[in-house]
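Asks: One line per chain: the protein sequences are A and B, in this order.
Under our numbering, the residue at position 34 of the first sequence is numbered 34, and the numbers go up by one with no gaps.
Under our numbering, the residue at position 60 of the second sequence is numbered 60, and the numbers go up by one with no gaps.
Bear in mind the hints are in silico, worked out from the structure with no lab data behind them.
Do not take every clue at face value.
[Said to hold, decoys possible] Computed beta-carbon distance windows for the label pairs: (1) A/Gly-16 to B/His-76: 32 to 42 Å; (2) B/Ile-12 to A/Thr-15: 30 to 40 Å; (3) A/Ser-83 to B/Ser-7: 22 to 32 Å.
Bear in mind the structure is a predicted one, so any value in this text is a computation, not a measurement.
Cβ coordinates follow ideal geometry from the N, Cα and C atoms, glycine included.
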Amino acid sequence: DAEITQSPRHKITETGRQVTLACHQTWNHNNMFWYRQDLGHGLRLIHYSYGVQDTNKGEVSDGYSVSRSNTEDLPLTLESAASSQTSVYFCASSEDAGGRTGELFFGEGSRLTVL
Amino acid sequence: QQQVKQSPQSLIVQKGGISIINCAYENTAFDYFPWYQQFPGKGPALLIAIRPDVSEKKEGRFTISFNKSAKQFSLHIMDSQPGDSATYFCAAADDSNYQLIWGAGTKLIIKP
């Protein structure tokens, strides 16, 4: 079965360290997204990609970066982790549905704590 | 104008009752309105979605009602069951960029 996997599922790090969260999907979807989920804020878009070598900033992109070197992977990097980046991070993918917004398939999340 | 406002924040319903969650939006360009269900420790999963060409869509016990003129849409869960206890998110998008704008979520608890 196709799936989307995130790793690590849990991470504790210190302020100022670089952290990379991995996301791997076997759906062969062109579209991939990174969200953060915080209580009272729902899901906020960090970065997204519509295909290989394509990356775009979302509404809360400061302090984060992504790269897309193949269809399957979209790693999220926190260049210098801050306590405000303590959150649950979700990766999602969707197929290119001929110009129409399609169903998002989510990973199970990565809980990041920055001390 | 990009916001989607969701209410209530939390909801407790007796088993067998009707759960109702409401969402409102401002951007008239939105033309796709999904609801996602999230269980603890899991990612959200699509529950049901509607486009503005219909006013209602039903899938089993779950119904979306859509009011284009009021710019509101709601999720109704009939005969609510303890297994429906989860967090529900509404969202909206326009097809120009595939990006969903999310409501803040509703934590639903169904009491046995």
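Asks: If a hint holds in the structure, say so; if it does not, say that too.
Replies: Results for each hint:
Against the hinted window of 32 to 42 Å, the Cβ-Cβ separation of A/Gly-16 and B/His-76 comes to about 48 Å, which falls outside the hint. The hint said 30 to 40 Å for the Cβ distance between B/Ile-12 and A/Thr-15, and at roughly 39 Å that hint holds. With their beta carbons about 30 Å apart, A/Ser-83 and B/Ser-7 fall inside the hinted range of 22 to 32 Å.
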